[in-house]
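**Q** One letter stands for each residue in the lines below.
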Amino acid sequence: MSQNTATDDLIKGLWRENPVLVQVLGLCPTLAVTNSVANAIAMGVATFFVLVASSFLVSLVRKWVPDEVRISTYILIIATFVTVADMALAALVPDIHKALGAFIALIVVNCIILGRQEAFAGKNPVGRSVLDAVGMGIGFTGILLVMGAVREVLGVGSFLGHPLFGPRYEPWVIMILPPGGFLTLGIVMLMRAWFQERKKIQAAGLPAKAERKAA
Amino acid sequence: MGKLALIFLSAAVINNFTLTLFLGLCAFMGVSNKLETALRMGAANTFVLTLTAVAVWALNRFVLPSAPYLQLISFIVVIASLVQIVEMVIKKVSPALFRALGIYLPLITTNCAILALAIFQTNRGYGLAEGVTFALGAGAGLTIALLLMASIRVSTETAEIPAISRGLGLILIISGSLSLAFMGFAGLLSTG
Chain A
1 MSQNTATDDL
11 IKGLWRENPV
21 LVQVLGLCPT
31 LAVTNSVANA
41 IAMGVATFFV
51 LVASSFLVSL
61 VRKWVPDEVR
71 ISTYILIIAT
81 FVTVADMALA
91 ALVPDIHKAL
101 GAFIALIVVN
111 CIILGRQEAF
121 AGKNPVGRSV
131 LDAVGMGIGF
141 TGILLVMGAV
151 REVLGVGSFL
161 GHPLFGPRYE
171 PWVIMILPPG
181 GFLTLGIVML
191 MRAWFQERKK
201 IQAAGLPAKA
211 ERKAA
Chain B
1 MGKLALIFLS
11 AAVINNFTLT
21 LFLGLCAFMG
31 VSNKLETALR
41 MGAANTFVLT
51 LTAVAVWALN
61 RFVLPSAPYL
71 QLISFIVVIA
81 SLVQIVEMVI
91 KKVSPALFRA
101 LGIYLPLITT
111 NCAILALAIF
121 QTNRGYGLAE
131 GVTFALGAGA
141 GLTIALLLMA
151 SIRVSTETAE
161 IPAISRGLGL
171 ILIISGSLSL
181 AFMGFAGLLS
191 TG
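Sequence lines, in order, name chains A and B. Following my numbering, the numbering of the first sequence begins with 1 at its first residue and continues without gaps. Following my numbering, the numbering of the second sequence begins with 1 at its first residue and continues without gaps.
Since the hints were derived computationally from the structure, they do not count as laboratory data. There's no promise every hint is true.
Claimed, not checked - Chain A is faced by these chain B residues, among others (derived, beta-carbon under 8 Å):
no. : residue
1   : Phe22
2   : Ala67
3   : Leu82
4   : Cys112
5   : Leu115
6   : Ile119
7   : Phe120
8   : Ile164
9   : Ser165
10  : Leu168
11  : Ser175
12  : Gly176
13  : Ser179
Beta carbons: idealized from backbone N, C-alpha and C, even for Gly.
Start from the sequences and build out the full structure, keeping to the hints where you can.
**A** If you want it as structure tokens, here you go:
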């Protein structure tokens, strides 16, 4: 049973309760920094770190934080870790830090992070909260990677800076510009809706088929 | 004077916060289903943006030079308390307006456009007048985007579209087209 809960805490963020696709949180970074794979990875890793660290700390102190000031406490904890991530990125990968610009600082107001603190880490023990944060973090980073890959491959014709199609490829520049972000995420959302719809039809169609066979 | 007009125009249409910088998307997706709420949300945001610009200018001038590492934390604390104060004042002064704004007022705290404004303003070294103009322009930009989106969504509600595109997929595609239209403003001024 406890094994099941732990696994469930971890994997629900990947698809079933994916923070971007299902909960529709954290759209700003999903659209803004996915114009290349490298940016998407840096953003994903930074958000992952902040999410896991904040969930850990919030869950640890949850019994001592009065209800009235819990949101402010969460925000302060998150802001502290974002400052750490900001400085770490500036020291380790200055180019990417420059490319991401204000969006690193904006991790503070990424609703995924505050949402997980309020919905999960503030009420659950440390182990489960960290698992939940890891799952959500991977789910978020996954979407960023998909978006980054689609946009970089179509918009520049390369993956992680390596050209894919040779010199005669005419890049689809609009994909790395703002409209491309909206369109790519829109198409990802449509595909997910189509997938769900088909699953529903199949689930409804299966018993009917079985009956026909029996007859 | 010319410089201020440039800042305003640039923030309102050329670098529109919502459609080209992807800021404040939660509010954009969430409350753009009716023209009236969209307008109110735009107004409330503009108001808080302007106050934030003043507060951030004061912080940058008097507090942060001695403690630069506190930048992010002090910004978020100031924005959160500002929204709280605005909420209390409006509740006291005009209960009718308070009811009209409803849940949208506290939600402004987590609207990334506000924090982004604070950071941009700091990075570009704007003074008081420039900061306030920038905030007004950004607010106007948000309001324009919200109003456009709301008017389009009102018409899509009665349109016949495939079932799977009801909801976010369609909104994102529409935003993409709007964003494409706003790209047209990019060449309007040579300095962004």
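**Q** Checking against the hints above, which ones are violated?
**A** Numbers 2 and 3, in rising order.
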